[in-house]
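Since chain A is already given, all that's left is putting chains B, C and D with the ligands on it; use the hints.
Protein chains in written order, with full-length UniProt numbering: chain A, 1 to 319; chain B, 1 to 319; chain C, 1 to 290; chain D, 1 to 290.
I should point out that these hints are in silico values taken from the structure, not numbers from a laboratory. Bear in mind that the values here come from a model prediction, so they are computed numbers and not experimental data. A few of these clues could be false.
Simulated crosslink set (SDA-like; lysine to any residue; CA at most 25 Å straight-line) [to be verified]:
(1) A:Lys84 to C:Val132
(2) C:Lys61 to C:Val132
(3) C:Lys79 to D:Gly46
(4) C:Lys61 to C:Pro104
(5) C:Lys79 to C:Ala91
(6) D:Lys244 to D:Asp263
(7) D:Lys94 to D:Pro28
(8) C:Lys94 to A:Arg288
(9) A:Lys90 to A:Leu319
(10) C:Lys79 to A:Arg208
(11) B:Lys84 to B:Glu38
(12) A:Lys84 to C:Val255
(13) C:Lys79 to D:Pro47
(14) C:Lys94 to D:Asp263
Anything over 12 Å on all C-beta distances counts as not near chain C; from chain B, calculated [as the list claims (entries may be wrong)]:
(15) Thr5
(16) Asp35
(17) Ser155
(18) Gly189
(19) Ser295
(20) Ser304
Even for Gly, the Cβ is constructed at its ideal location relative to N, Cα and C.
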Amino acid sequence: MADLTTRLGTLTLPNPVMTASGCAANGRELHRFFDVSELGAFVTKTVMADPRSGRPTPRMAETPSGMLNSIGLQGPGIGAFLDKDLTWLKSVGARVLVSIAGNTAVEFAQVARDLVAHPAFDAVVGVEVNISCPNVANRGLVFACDPMSSAKVVSLVREELPRDFPMFAKLTPDVTDIVAIADAAVRAGAGGLTMINTLLGIAIDTDRMRPQLAAVTGGLSGPAVRPVAVRAIWQCTAAMRENRIDAVPIIGVGGVRSGLDALELLAAGASAVQVGTATFNDPSAPRRVLTELESALDERGFASLTDVVGLAHDRKVTL
Amino acid sequence: MADLTTRLGTLTLPNPVMTASGCAANGRELHRFFDVSELGAFVTKTVMADPRSGRPTPRMAETPSGMLNSIGLQGPGIGAFLDKDLTWLKSVGARVLVSIAGNTAVEFAQVARDLVAHPAFDAVVGVEVNISCPNVANRGLVFACDPMSSAKVVSLVREELPRDFPMFAKLTPDVTDIVAIADAAVRAGAGGLTMINTLLGIAIDTDRMRPQLAAVTGGLSGPAVRPVAVRAIWQCTAAMRENRIDAVPIIGVGGVRSGLDALELLAAGASAVQVGTATFNDPSAPRRVLTELESALDERGFASLTDVVGLAHDRKVTL
Amino acid sequence: MSDVVQVAGEVIAIRRVGAYQHLTIVAPGVAEAARPGQFVALAVGGPTSANLLRRCFSLHKVSPSGAYGGTLDVVIAAKGPGTQWLAGLRAHDKVDVVAPLGRPFPIPTEPVACVLVGGGYGSAPLFWLADVLRERGCHVEMVLGAASEDRLFGVVEARRSADGVTVTTDDGSAGRRGWVSDVLPEIITRTSAAVVYGCGPMGMLRSITEVATAHGAVAQVAVEESMACGVGVCMTCVMPVRGKDGTTRMVRSCVEGPVFRGDRVRWEAFTDGVCRVPADTVGAPRAGGH
Amino acid sequence: MSDVVQVAGEVIAIRRVGAYQHLTIVAPGVAEAARPGQFVALAVGGPTSANLLRRCFSLHKVSPSGAYGGTLDVVIAAKGPGTQWLAGLRAHDKVDVVAPLGRPFPIPTEPVACVLVGGGYGSAPLFWLADVLRERGCHVEMVLGAASEDRLFGVVEARRSADGVTVTTDDGSAGRRGWVSDVLPEIITRTSAAVVYGCGPMGMLRSITEVATAHGAVAQVAVEESMACGVGVCMTCVMPVRGKDGTTRMVRSCVEGPVFRGDRVRWEAFTDGVCRVPADTVGAPRAGGH
Ligand SMILES: Cc1cc2nc3c(=O)[nH]c(=O)nc-3n(C[C@H](O)[C@H](O)[C@H](O)COP(=O)(O)OP(=O)(O)OC[C@H]3O[C@@H](n4cnc5c(N)ncnc54)[C@H](O)[C@@H]3O)c2cc1C
Ligand SMILES: Cc1cc2nc3c(=O)[nH]c(=O)nc-3n(C[C@H](O)[C@H](O)[C@H](O)COP(=O)(O)OP(=O)(O)OC[C@H]3O[C@@H](n4cnc5c(N)ncnc54)[C@H](O)[C@@H]3O)c2cc1C
Ligand SMILES: Cc1cc2nc3c(=O)[nH]c(=O)nc-3n(C[C@H](O)[C@H](O)[C@H](O)COP(=O)(O)O)c2cc1C
Ligand SMILES: Cc1cc2nc3c(=O)[nH]c(=O)nc-3n(C[C@H](O)[C@H](O)[C@H](O)COP(=O)(O)O)c2cc1C
Ligand code: FES
Ligand code: FES
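Isolated chain A (complex conformation):
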């Protein structure tokens, strides 16, 4: 049986499979289907400073091999999150990667500060900074669409966290050059990258002849976008291997439904993978992906997970 341990900078996890933020709520619901402490890490729904109602409904549209969502970061706010959700996750022994966001760079930092100060912080193995959300100060432009905004958020959050505490910047693929954004985030102090968040999309209701989502646009996710996720991971990994940007670990996310899908992201350069939309199809998906990944490694004769991370770069055909 392959050794599934993965290293993400200063963080070591017993296995590389995680939930994806916003696709697993905060643990209780999936704990009915499998033990969430068995995952490499449990990634919580992005939390902001204050409670948020989220967007009007309809908030989702099914699309071919994917879906659009416009949840609008509904959540209880950092206070209630810490006291109820994080405390519960700690009680069941989960390793928690907490996803945070803010309407402004300063709000990100504030959320991080509250997190670090809470008694349940010792269950937290890392922070995922969801910069793929709108920057109120910059006409609602997504932070991760701009290297400067990305860097600002990352550096402010960095200051709030203990030295070398694992921190991942989560990037959007909706940019001309994702390597430039990755570079900015890493230089600003991100110890790793999570990619990808959803792609901006729209679906039209052809009976009503208007957008299906009340909010018009939504985020596209699911197996449909997996090739884009693999590409983003590949590009950043290639840039790191060629020393064009500093090397940091990547958490891959986007369209993972099976162990082989996870293996695709790992081979492209990810050191861990998150399972998002597939969980809606199969509430056991994150745990099943872990089992399937383990078998896939064994069948291929890999003794250790680290053997496959980025392997597709080495095996690339030279033309």
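For chains B, C and D with the ligands alone, kept in the frame of chain A given last:
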């Protein structure tokens, strides 16, 4: 029966359904399944100045509800294209939208010049300038990723074409701000926009643990990407309606498989639609989409195609 | 929210009933925990499916064991790709089952009179509910409404399960012409009903709530919000509901519902297929919005 | 490339044969135009399918009319999602058919001796080819090779269709242990064969070509390149083939093939699952590439 006539600037077509460049070869093959002159227009495979062998194989990977391709613009070169393919298309009475490209902006112009000079040019109803291809002069960066490169190609081609001759710039969705690229193309003289070309993607062969495509990256297409196409069309249409950029007609493409899919693109703002990858699933797809679209309009009580173009903007819910 | 199971179900019977398909699925472990008002989330399209999201259906009935192990029954209206696929299943086909989900209809502790109102396939869970209520000594009246006769479900079953049955159709093709809300006041008054249970389209649930409240009865309605996961992890199925504390929150109808007290639902937020976030909702967007 | 039809086919029989599934599909209009070596492109997964691309299979046989109208037969090895879906079909299931496609095996004008070599399911089109050749008075020998006995297809049929049959398996579980290329020289020499027909994996086709050429016979091989459309519009199925003019072009194996003269194929371009573009190919990339 709804009036399907569509107007694309100076160009009027009996119906809005077209093939998509590179998904229908140059007509003969599909003519075995339906009469290609029945389509609004037939869009030819992007042609360049010289013959091109295209990329090594494997050149394609199936992905969930889509595919990746790395054909590499294989083609006979403009000379053979004009004498054989365009001449044949003219002989069957097709309205032809000729897709052109170049390794450099100057090569685009040269291809346009040859086209205009050819006896079969009278079968040509418009030119589609495929700027979603690599610019050899700019480290292989795709022209349409940069407003300046886009503008340069468009203005050079414009000079070669008869005054007011229909000319569409074909955009890639792989940019941070597609409206900025659209603006540059329109200012440079594009009479319309075609969107979207494929998204950059990668798939990994998990048996060989290397990229499935010999060329590593490929273009993602098919129903999987339809929400991205609808979004791109929506964003540019909204910008035109708000006078942020000049208003020109849009040809929608990306993931159309059925008449209702076509209706989605139209309602988002497209005045015509192209059927690409779906043709590989069903060689009759372009013709079938036309029939289905006609029924869809009739069932919804629309007397004319023009009634639905951009309708979703008017019917958008105000929150 | 604990006794849910995920199991590879097997269709053992599928038959047409009016405009609907009635499926019986072997799904061991569901029946034991299930209560009327709960639902099942089915995966659709098989292993090559492009439709990832689950489709939710009220549990029509369950039986803990039989020749094939425990079974559940659902009544399906074929509309989009997922329901069409389900309606096209044949005996021995496989379908992945997650159930039972959501909060069931609350059962009164006293043997009071109850009216059960079903719109279209919305009647599916009500016969089982009627049986449970009658076991508790409740007097049960049923009202079944639909657009037309073929869209009524279970009129015969209703006569067996209830003490009184009233049928309405919009076009008068069966029963009384009109809406369920036309006949409801008289029935509540006549039976002095304490609870009105409802299942059907949102508009109907709203009017049931209004009629019940006006006549001094409590409405308990099973809502049908668009759901992606059915298990509480996606936040797509939310609606504005007042809590016991009077505060409105956007709550998940798959875990906190699908059954809500009608007078707690902020019906005025639903218009023209959209549900807006009322301004007094916890975390509602301020100027600028989110 | 004209007599192709697209038709909604219906499975009328499906049975297991060794490691394969043998399907008979009602597909009116196909048989009339089809010739051995041509293929069919099948859509997979039904209306909810996430697998858009067609799957291609050699026509094993066709019959212009029968109790059900014209039928075609294919032999399928279940590997990925599409072939698994096809292998799971049952009688009366629908499958969209596009056929006949591609260029058939050329038939010699004189009654010469021929050797037909099939690897695995690659033998599927050869029995029909043998019948056609024997009608023309050709002496026909067959060689069937596979990794193991269960991967051989049609040994019994071969004995009926051919004047001589040789079987090889890699593991020796049936016939001679070894490869088809081990036995081929002797058969060509013994029969003075003028043509060697081959269908099977690329490596086998290459060695058939080498052996045939070395022994003065012409190789006609049906290749199996990865195909997205099967009808000539996608350009995914190309391979470098020398034309009559000696020039190498990247040609579509779905319309200019699948049958090629073996000595025209640039076999050296195929290595390790990749086919490079030979430098002397028309339009080959210059330094910098494209
Ligand atoms: C608690 C509950 C009980 C239900 N009980 C029944 C029942 O007994 N019989 C019955 O026929 N239908 C019932 N429905 C409605 C049924 O779930 C939808 O008709 C079905 O999901 C639509 O699937 P589709 O493939 O036809 O449509 P699509 O439009 O393709 O569905 C796309 C997505 O939207 C969701 N969706 C679309 N419409 C609805 C809807 N009305 N409610 C919830 N999700 C929706 C689907 O789950 C799917 O994720 C119930 C819904 C809920 C929430
Ligand atoms: C002319 C021709 C004749 C063939 N005859 C037979 C036959 O008689 N019996 C048989 O079992 N198989 C035959 N094959 C191979 C068969 O087409 C593939 O095994 C099948 O397409 C794989 O589908 P999948 O869903 O299992 O695999 P996937 O890997 O999921 O297929 C994904 C995509 O790749 C294409 N693809 C993958 N492998 C191949 C391949 N080897 N050849 C062509 N396309 C491929 C598929 O068409 C599809 O578009 C033939 C192929 C060709 C080109
Ligand atoms: C319903 C839904 C809600 C999401 N909410 C969040 C979120 O709160 N924070 C975040 O960083 N990403 C969020 N995401 C994005 C996912 O974490 C993930 O990056 C994306 O969906 C791609 O992965 P997938 O294809 O596996 O779903 C959400 C996705 C979905 C579908
Ligand atoms: C195999 C293949 C080849 C293509 N070749 C071209 C091309 O030569 N020129 C071009 O402008 N677009 C090309 N495209 C892009 C399509 O024209 C279209 O923009 C894209 O595929 C999205 O539409 P679809 O989802 O309907 O396929 C190609 C797409 C595919 C799948
Ligand atoms: S349907 Fe996913 S939370 Fe309710
Ligand atoms: S398979 Fe599409 S051109 Fe040959």
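Going down the list of hints, with the structure as the test:
With a CA separation close to 36 Å, the supplied pair A:Lys84 and C:Val132 exceeds the 25 Å bound. Simply put, C:Lys61 and C:Val132 have alpha-carbon atoms about 12 Å apart, close enough for the 25 Å limit, and the pair holds. Under the criterion of a C-alpha separation no larger than 25 Å, the hint pairing C:Lys79 with D:Gly46 is consistent with the structure, at around 17 Å. Only pairs whose Cα atoms come within 25 Å are accepted, and C:Lys61 paired with C:Pro104 is accepted, the gap being roughly 13 Å.
Straight-line distance between C-alpha atoms of C:Lys79 and C:Ala91 comes to about 21 Å, which keeps the hinted pair within the 25 Å bound. A hinted pair counts as satisfied when its Cα atoms are at most 25 Å apart, and D:Lys244 with D:Asp263 qualifies at roughly 11 Å. Taken as a hint, the D:Lys94 and D:Pro28 pair is honoured in the structure, with Cα atoms around 13 Å apart against an allowance of 25 Å. Taken as a hint, the C:Lys94 and A:Arg288 pair is honoured in the structure, with Cα atoms around 19 Å apart against an allowance of 25 Å.
Among the hinted pairs, A:Lys90 with A:Leu319 is inconsistent with the structure: their alpha-carbon atoms are about 51 Å apart, more than 25 Å. Between the alpha carbons of C:Lys79 and A:Arg208 the distance comes to roughly 16 Å, so the proposed pair stays at or under 25 Å and holds. Restraint check for B:Lys84 and B:Glu38: satisfied, since their Cα atoms lie roughly 21 Å apart, inside the 25 Å limit. In summary, the hint linking A:Lys84 to C:Val255 is supported, as the alpha carbons are separated by about 17 Å, within the 25 Å threshold.
For the hint linking C:Lys79 to D:Pro47, the alpha-carbon distance of about 14 Å falls within 25 Å, and the restraint holds. In summary, the hint linking C:Lys94 to D:Asp263 is not supported, as the alpha carbons are separated by about 50 Å, beyond the 25 Å threshold. Interface exclusion of B:Thr5 from chain C stands, the closest Cβ pair being 31 Å apart, more than 12 Å. For B:Asp35, the non-interface assignment is confirmed: its Cβ lies about 30 Å from the closest Cβ of chain C, beyond the 12 Å cut-off.
For B:Ser155, the non-interface assignment is confirmed: its Cβ lies about 40 Å from the closest Cβ of chain C, beyond the 12 Å cut-off. In this structure B:Gly189 is separated from chain C by more than 12 Å, as the shortest Cβ-Cβ distance comes to about 38 Å. The beta carbon of B:Ser295 is kept farther than 12 Å from every beta carbon of chain C, the shortest such distance being approximately 18 Å. Every CB of chain C lies more than 12 Å from the CB of B:Ser304, the least distance being 25 Å, so the non-interface label holds.
In summary, the structure is inconsistent with hints 1, 9 and 14 from the numbered list given earlier, while agreeing with the others.
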